[in-house]
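Listed below, chain by chain, are the residues.
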Amino acid sequence: MPRKVTYTVGRAGGPTREITVDVHDLDVDPWGADAELRVVGTDVPRLEASQKTTGAARYTYDVNRPNMALCRLLRSPHAHATVRSVDTSRAERLRGVLGVNVLVPAGGRITFAGKGVVAVCAENEETLDDALHAIDVSYDVTGGPVTTDDGRAPGAERVDPKRDNVNAGGRRGRQERGDPQAAMAAAATKVSATFRTQVQTHSALETHGCVVEHHDDGTYTVWASTQGTNAFRGSMAQTLGVPADRVRVITEHMGGGFGAKLGAIDEWDRAAAFFARDLMRPVKAMLLRRAEHQVAGCRPDSIQELSMACDGDGKITALSGTTHGTAGNGRGGAGAANTRIYRIPNLAMEQVTVSTFTGRARAFRAPGHPQGVFALEGIVDALAIAAGIDPLEFRLRNDPHPLRQVQWRLGAERMEWDRKRREFPGTGAVRRGVCCAAAVWRQKGGGDYVVNLEIRSDGSVTVKNAVQDIGTGTRTVLAVLVAEELGIAPEQVTVRIGDTQYPAGPSSGGSTTAPSIGPAAREAGHHARLRMAELLAEDWSCKPGEVRLDGVRFAGPGGKSATWGEACSLIDKSGLSVSGQRRKNYGGFSGETAGCQFAQVAVDTETGVIRVERVVAVHDAGRIVDTLTARSQVVGGVIQGISYALHEDRQLDRNLGDMVNPTFDTYRILGIGDTPRIDCLLTTLDSGFNNAGMMGLGEPVTVPTAGAVANAVSHAIGVRMTEIPITPARVLAALGGVR
Amino acid sequence: MKAFRYVRVSGGAGDVGKLVRKGATLKAGGCDLLDRMKERIAEPADVVAFGEVQNEYLRAIAATPDGLRIGALVTLAEIAASKKVAAHSAALAEAARRAASPQVRHRATLGGNLCQHTRCGYYRIATFPCWRRGADVCPVLVDGAVQDTAGVFDNGECASAHPASLPPVLGALGARVVVRARKEREERAFEALWRQPAKGVHEDVALAPGEVIVAVVLPPLPARTNVAYEAVRQRAAFDWALASCAARVTRDGGKVKAASIWLGSVAPTPRRAVAAEKALVGKAPGAAGFAAAADAAVAGASPLPGNTYKVELVKVVVRRALERAARRER
Ligand SMILES: Cc1cc2nc3c(=O)[nH]c(=O)nc-3n(C[C@H](O)[C@H](O)[C@H](O)COP(=O)(O)OP(=O)(O)OC[C@H]3O[C@@H](n4cnc5c(N)ncnc54)[C@H](O)[C@@H]3O)c2cc1C
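If you're matching them up, the sequences are chains U and X in order. For the first sequence, my numbering gives the first residue as 1, with consecutive numbering after it. For the second sequence, my numbering gives the first residue as 1001, with consecutive numbering after it.
The set of hints was computed from the structure by calculation and includes no laboratory data. Computed from a predicted structure; not experimentally measured. Don't be surprised by glycine CBs; every beta carbon is placed ideally from N, CA and C. Zero decoy hints are in this set.
Straight-line alpha carbon distances no greater than 20 Å define the calculated SDA-like cross-link-like pairs of lysine to any residue that follow:
#, chain 1, residue 1, chain 2, residue 2
1, X, K1002, U, G96
2, X, K1002, U, R93
3, X, K1038, U, T666
Chain X is nowhere near these chain U residues, computed Cβ spacing over 10 Å in every case:
#, residue
4, G41
5, E123
6, G173
7, G241
8, K315
9, R414
10, R421
11, F424
12, R456
13, A489
14, E491
15, G558
16, D572
Derived DEER-like restraints, expressed as beta-carbon distance ranges:
#, chain 1, residue 1, chain 2, residue 2, range
17, U, T142, X, P1219, 53 to 63 Å
18, X, A1237, U, V430, 12 to 22 Å
19, X, A1299, U, G736, 18 to 28 Å
20, X, A1299, U, A182, 50 to 60 Å
21, X, A1237, U, A186, 50 to 60 Å
Full structure from sequences and hints, please.
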C-alpha cells in the first residue's frame, strides 16, 4: 500500500511548492527541499579518481586477453559507389591472417565514406595492417551530395533511390499554434535571420569497440566501450544467436561516448563477434580515430531560417521558421529552434531532413538542442536589440520558468552584466562582448532498476548494478547515496558496476542515469539501515524503531551507541543483503530543469581570432548528489559547447565525399590553453520526482554554450553571428575585411 | 605501416649519409615520418636511426665565431629553453615554444622541422588523390574542396602550405644551413634549401640523395637590428599557424636600413616577401611604412575561394611583426 507524504519541493529559499505524493510502501520518504544532509550535496572526489589519473583504470582499449587476435575493417573511401569486385586472395595468403569476411560483395552499394567492405582478423597489428592493404576492391564511383545544400539541390543523386532526399517529416516535424502570420503583421518589432550550424563528431577519447571472448561452454564475455551494458548484451546475443544470459558484458571504465555508444552493437562489433565465435579466440576490434570520425556518429548540421516578433512591451508574439539538416544516409532529425524556453503564443515551425551520402548521425549530448538554442537565442538577441531592450531584460520578460528567473539574475550578477554591457566592446583591435543563453532539459529518469547492497561483518559495503559509468560519476553518486543512508563515508562503499552479471541498469542516455539508478541505491541503503537497526535492537533489547542513526553512529535507548564497525560485527557469516528499486516518478516541482549561461569573449578584429575569457554557468538538476562531479559535468559541457561554437567541424570534400580533417590536429577541439575560467553555480533543489529529488544534468550543461558565445561575439563586433563554428575567416567576413 | 629495416649506425652524419645515398630514409624524432609511414604514403625499406646518433656537433647549441650554431638533432624544446638562443634571438625561442605540444616539442628536431612534409589533409590521407603523390590534379584546387588552410601563394598546381614554425624565423635571421654532402660539410643560403612543388615529389627541401642537414648557423646580427615573430592560430595552443611572419629590421637614423621578411603557412615553402622588404627599406619605421610593406607582401597572392581571409591574415602578421621588430631590443 502506498502512503501519502506531503512535503516541500523546490529550492530552499525559493521558489518552492508543497506537494502530496503516493510513496511506494517499500520506498523511503523523499528528502524534501529543507533536508539537511551529511554527504549528499558536498564535494566528493570521484571514487576511481586515482585509478584514472595514474593509468591503473582499465578501459576496453586496455583489455588484452591471452591469445587475442585483432579485427579491423577495410573501409570505402568513396561516398557513393558500387563495388565492382573484391579480391581478398593476397590477404588470405599472408601468414598470421586468421579470417577474412567480405561485408559488401561485388554489386553491393556504398552510401557513405567509411562503410566497412571487408572485415579482417589477424594475429597482430602488423599483419592486420598488411592484410588490409593487400585487399583489392574496385568501385564504380557514382558520387553524390554530402552536404545539406547539395542534397536539397534539384536533381541531386538520391541516397535512397525510391525516395526524395528531402523529407518534410510529416506531423512530427511540424509545430503550430495560434496565428503566427497575423501576429507577425501586428508586431511592434520583427527580425529574420538564417542560422547555420556544422556537423560535429562526438570525438570521445576512447574510440568505439570491444573485445569478444568465446568460452568452451558456449558463453561469451565481451568487454565493450558502451553506454548501455544491457542493451549491448541484448544486441550481441541476438547477433550470435544465443540467449542473452550466455553473454556477459563488462564496461569497467569508459572513455566517453556522448551518445554515440548507445543501443545496438555496430558493424565492427559484429565482425569481431563472428571471428571470436568461429576461431574460439578472443578478438579485439577498436576503431582508429579516422573511422571514429567517419562512421561512429555525429551531430547533424542545420540551416535554420527564422523570424520572430514582439509587441511594444517586449513580449514575444510569434516565431516561425524552417530547418533543414542532414543526419547522413539516414533520416534523423536535424534539430530546430527550441520552442519551450520562452513563452511564444504563435508558432509555425517545420523541420525538414535531407539525406546525404555521409555517415549517419547518432544521439549527441542533448540531440537537437545546442543547434536549436544557438538559433533561438540568436534570434531572441537580435529581436531584443532591434526592440531597444537590454537582452537580459528581454529574456526575463519572456521566460516563464520560475527557477530560471532566479538563475538569470544570479548569473548576471556574477558576470557583472550591467557594467560589461555598458563598457564593452571598447575600442582598439581587440573588442569584448558578453551575452547569455538559456538551457532546458526535461529528463526525470525512470525504470524499475534494482540495486543490490551487501554488508559484511567486517563493515564492508558493496553496491551492485550493471549500470556503466561513462565518466559522469555514476559510481560515486551511488556510493554517496548509500553512505548518506548508512552514516558512513562514500569511500567505504565499494561500487561494482559495468557488468551484466549484476541487476540490469539503465543505458546512459538522455541524462537519465543518475535519477534512474540513484533513488534505487538510496532505497537499498534505507533497507540496509532498517536491517542494521533490527540487529542492534536485538542486541540492545529494544525495539528497532528506537534505534536511530545519529550522524555516523547508531544510538538507542539508555545511551546505547555503536559505531559502524561495532554494528556490523553483529552481522553473521552469510552477510546482509538487501535491494532497492527505482519506483515510479512521484509528483514534482517542474518537469523541466532550468539553466542559463553567460559568456565573455575577446575578439581580435584584425585576425578574427576569438578567445572566450569567462563563462558563468547556472544550472539545476534537481538535488545535486555530488557537487564536485556535478561541476565537472558542467565544466565539460561548457568546454564542449565552446568547442562547438568556435572550432569543431567535420570538413568533407564535396566532390570526393570523404572527411579531410579526421585527426585531432586538424579537427580542432578546445584545449587547455583556450579553456576559460568557468564559474559554475548549481541552484540545487528537490525535484520531487523520486526519493532523492534528483534529475539529469549531463546534457543541459552543453545546450546554451554555443548560443551564449555567439551572442557575445555579436556584441563584441556589432555584427550578428549566424553561423558556427565562428572561425577567423567568418569573423573577418562579417567585419567586411574580406572582399 | 609497411615492414622496414631499422638501421642503427655507430658513426655520425657521414655514415648516415652513405645509407641515405643508397635509398634509406632518415628518421630524426620521427614525429612526421612515422605518421606518413603509418598512412603508407611513405614506405621506406630502410630507416636509419639518425635520431639516435650521439654526436656533439649534431646535438649542440654552440656560440662560434661564425655565429650561433644549432645542431640538426637539437629539439624544439631545447631551442625554446636555450639561453644562448634567447640571447641571439628571442623570436626563434618564441617560435619553438609556440609550436605543437610539449610532447611533440620534446621529440621534434630542428632538422626534422625543416624537412617535415605538408600537413595538407589530401596529401596526408592515402585514399585522397594528390598531385604531390602523382595524381594529375591537386583536388584542393577544385571547387568544392576544403580550402581554408591551403596556401595563397604559388598555388597554381599544389595548394599546400608549408606548416613549419621555425623556417620563417631562420630565414629572417639570415640562417645558413650546414649540409653534409658526401665527405664535405657545406653551407647553403637558407633560400637555397627550398624547392617548388613538383608532381610526384613529396619533399619541399632541395637535398640531393645522401645529403643530410647537420646544423643551422645564425650569423651575428648587425647593430640596431631586431627580429620578431608573429603567428595567427585559431586555438591559443597546440594548433597549426594559419599564417606567420618573421621580420628583421635594421634601423639607421630614422630609417629602415635593411629588412628581411619571411612568411610561413601560406605557400608550399617558407616564403621570402621580397617586395615587402623593398617597400620598407629607406622608409621611416612607422605605421605608413609597415602598412605599405604589408600590402606589398600580399602582392601576387592567388587565394582560393575558400581562403581569401588568409590574405588579410598575412597583412596583419607582417604589420604586427614589423611593429614588434621596430620596438624590440633584441
Ligand atoms: C600534432 C602535431 C602538431 C605539430 N605542430 C607543429 C607546429 O605548430 N609547428 C611546427 O613547426 N611543427 C609542428 N609539428 C611538426 C613537428 O614539429 C615536426 O613533425 C617535427 O619537427 C619533425 O621533426 P622530427 O625530428 O620528428 O622529424 P622526422 O619525423 O624524424 O623527420 C621528418 C622528415 O625530415 C627528414 N629529416 C629529418 N632530419 C633531417 C636532417 N637532419 N637532414 C635531412 N633530412 C632530415 C626525415 O627523413 C623525414 O622525411 C607538429 C607535429 C604534430 C605531430
